[in-house]
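*Asks:* Residues per chain, in single letters:
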Amino acid sequence: MTGWRVIASTLALIAAGPGLAAAEAIGDAQRGADLFQKQCYACHRIGPEAENRVGPRLTGLFGRRAGSVDGFTYSKSMARMGADGLTWTLETLDAYIENPKALISGTRMNYRGLKDDQARADLMAYLRSYSDKPRDIPEAEPTARKTDHDLDSAILAIQGDPEYGAYLSSECTTCHQRDGTDQGIPSITNWPAEDFVVAMHAYKRKLRPHPVMQMMAGRLSDDEIAALAAYFETID
Amino acid sequence: MTLTRRTFISTTLATGVILQAPMLLGQTKPRVVIIGGGAGGATVARYLAKDAGQALDITLVEMNPIYTTCFFSNLYLGGFRDFESLQHGYAKLSDMGISVVTDMATGIDTTARTVTTAGGQVLAYDRLVLSPGIDFKEGSVPGWSLADMEIMPHAYKAGPQTQLLKAQVEAMPQGGTFAMIAPPNPYRCPPGPYERISMIAHMLTQMNPTAKILLVDPKDKYSKQALFEEGWQKHYGTMIERVGPDFGGDKAEVRPATMEVVIDGEVTKVDCCNVIPGQIAGQIAATAGVTDDTGWAPVHPDSMKSKLDENIFVLGDSSSQGDMPKSGFSANSQAKVAAMAIRGELTGSKVFPAKYSNTCWSLIAPDDGVKVGASYEPTPEKIASVESFVSATGEDAALRKATYEESLGWYAGITADMFG
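From first to last, the protein sequence lines stand for chains W and U.
Under numbering that gives the first Met the number 0, the first residue of the first sequence is numbered 0, with each subsequent residue one higher.
Under numbering that gives the first Met the number 0, the first residue of the second sequence is numbered 0, with each subsequent residue one higher.
Rather than coming from a laboratory, the hints here were simulated on the basis of the structure.
You may find that some hints are simply not true.
Each pair of labels, with its calculated beta carbon distance range [what the hints assert, rightly or not]:
1. Lys205(W) with Asp81(U): 45 to 51 Å
2. Glu149(U) with Gly62(W): 37 to 43 Å
3. Glu232(W) with Glu149(U): 40 to 46 Å
4. Glu232(W) with Asp81(U): 48 to 54 Å
5. Glu232(W) with Met206(U): 36 to 42 Å
6. Thr209(U) with Arg177(W): 46 to 52 Å
7. Lys349(U) with Phe71(W): 48 to 54 Å
8. Pro47(W) with Glu240(U): 50 to 56 Å
9. Ala41(W) with Gly96(U): 54 to 60 Å
10. Ala166(U) with Arg177(W): 36 to 42 Å
11. Gly179(W) with Glu149(U): 56 to 62 Å
12. Pro365(U) with Gly62(W): 28 to 34 Å
13. Gly343(U) with Arg218(W): 19 to 25 Å
14. Gly62(W) with Gly96(U): 44 to 50 Å
As a list, the in silico DSSO-like pairs of lysine-lysine whose alpha-carbon atoms are at most 30 Å apart [what the hints assert, rightly or not]:
15. Lys211(U) with Lys136(U)
16. Lys100(W) with Lys370(U)
17. Lys205(W) with Lys381(U)
18. Lys268(U) with Lys49(U)
19. Lys75(W) with Lys370(U)
20. Lys381(U) with Lys49(U)
21. Lys400(U) with Lys205(W)
22. Lys400(U) with Lys75(W)
23. Lys49(U) with Lys91(U)
24. Lys233(U) with Lys136(U)
25. Lys218(U) with Lys370(U)
26. Lys268(U) with Lys211(U)
27. Lys381(U) with Lys370(U)
28. Lys400(U) with Lys100(W)
29. Lys114(W) with Lys100(W)
30. Lys268(U) with Lys250(U)
31. Lys306(U) with Lys49(U)
32. Lys75(W) with Lys233(U)
33. Lys49(U) with Lys220(U)
34. Lys250(U) with Lys211(U)
35. Lys91(U) with Lys349(U)
36. Lys268(U) with Lys220(U)
37. Lys370(U) with Lys205(W)
We put the CB at the ideal spot given by N, CA and C, even for glycine.
Construct the entire structure; sequences and hints are all you get.
*Replies:* Listed below in structure tokens is the structure:
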């Protein structure tokens, strides 16, 4: 957590600093092109002529609102994230590619995620080359060097107290229904514990955009998030 | 029919358990009596039953067999909900073993620890939870008293008053004037006065577009003001005029007999007048002796326990706790902390640190929803706001629509959390 905060402020400084010629390259776009062919091409196209396929066209991805490509039918989850304000930046896209369902729980993208940091950086370098005039954009977040923000494995390893989680979960059930009904507010049942923990930390770090969830997760300690995960594992 | 059956069963339980339990179990289960079956009372009853149902004898006293939520009652006024969608029964709470008594609590003996009802029942308690909502401060709006509420409704306790207000707005002559006397702080919200203005403006735009709305407000400013003002201008043009304290909004007088509102000596004839008076804790809190000079009941921030009686907890609107607004969401949140504290005291279960939260959604026009919220934690002095957020002006239509849809999800969620 602390590490991330430090990184975030460094980023802000870089972004604000005048006359910085160029931020460090994101990654190796050539290797990224290779990865794109192997991992993404089955569903996505990119480039001036690209069209929507199983997945939306990825041309002009950076700076775009999530769920906003005309003519593509998104999952409810993706549409909601877009409405909430999720925009594709180096940071949010990195989190999405790493673990799609942790960022967008109900995404239709059937992709298990790319865990290797360097591979993601390379892929994003490639994707970035198809966004509008990348060289003309100030060296702000889309091209600033993305630094690793993965959840510390120690956080994922915390064993939560399910009894505490049961109490904490009462804050969730004011809005989220226990029976999994999804009416304007997503269901939170049947969620793998690790995805749950990653998702809560994504809110806590404001990667996921929803203000209520950012607030609720923002004050939960690592132990409390683990307690909630432990509790949710015990219910159907 | 349901009412009769439930009352009968409840009565049997209330007397039966007390007499039989010692023989069956060797000792009486600790008794919790809860007065008020709204967001605070129903939630605390349900959480106690859910988490300690076998160990506690739980009685919920509520005078209405069917509860009508104040939250979303403005949406009924605007034509976005039917009245029945606001109504909830207590059958599922009864099924959980809670004894639901449809009666009005009228007396409390804090020494003998008993509650007396209008129907003549005497209910003994080890812990008492008061969640009676609000009552009105007498004389707060010159010219108006409770006796005038059929002419100038308050519609601030959801039910027939809400239906009456809607009927009166619908009956306004073309080009007529609707007036609202907004309440001074602190006030219950929802049903927020400014969302109500929005909903009535929406209704009038459809059926009476030349009508005018006069909002008489004793307060300088109010929650989400910039959002409402932006929305009113966008959706309703010049229909709404607000008269704040600068122009006498704090000294308005009403004349129910002649349907007039008098502001700073100037008399305005109106066709419908919604008077929302100043508020105090529900009467039973004063009867129990747990209110102070302010008219509200001070509570310990970490548990919602009364500062004046260690066997009594006060939830929701009636409590004076610090920064939380008097909303159903707050009451529901406080109820969970209180349930944990009561369970801890009576059964020895683990007590975790109190956490509270609140979010209030408002609808300004179709698919134009906004929200404000905060998280709270106890400090030695009060329940203090930790972090907060509010919708921004100028948000795009997709976000506003998502916010409205989210509020529908919340309504379904919180009512399931309260009533099962």
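*Asks:* Which of the listed hints are not met by the structure?
*Replies:* 1, 2, 3, 4, 5, 11, 14, 18, 24, 33
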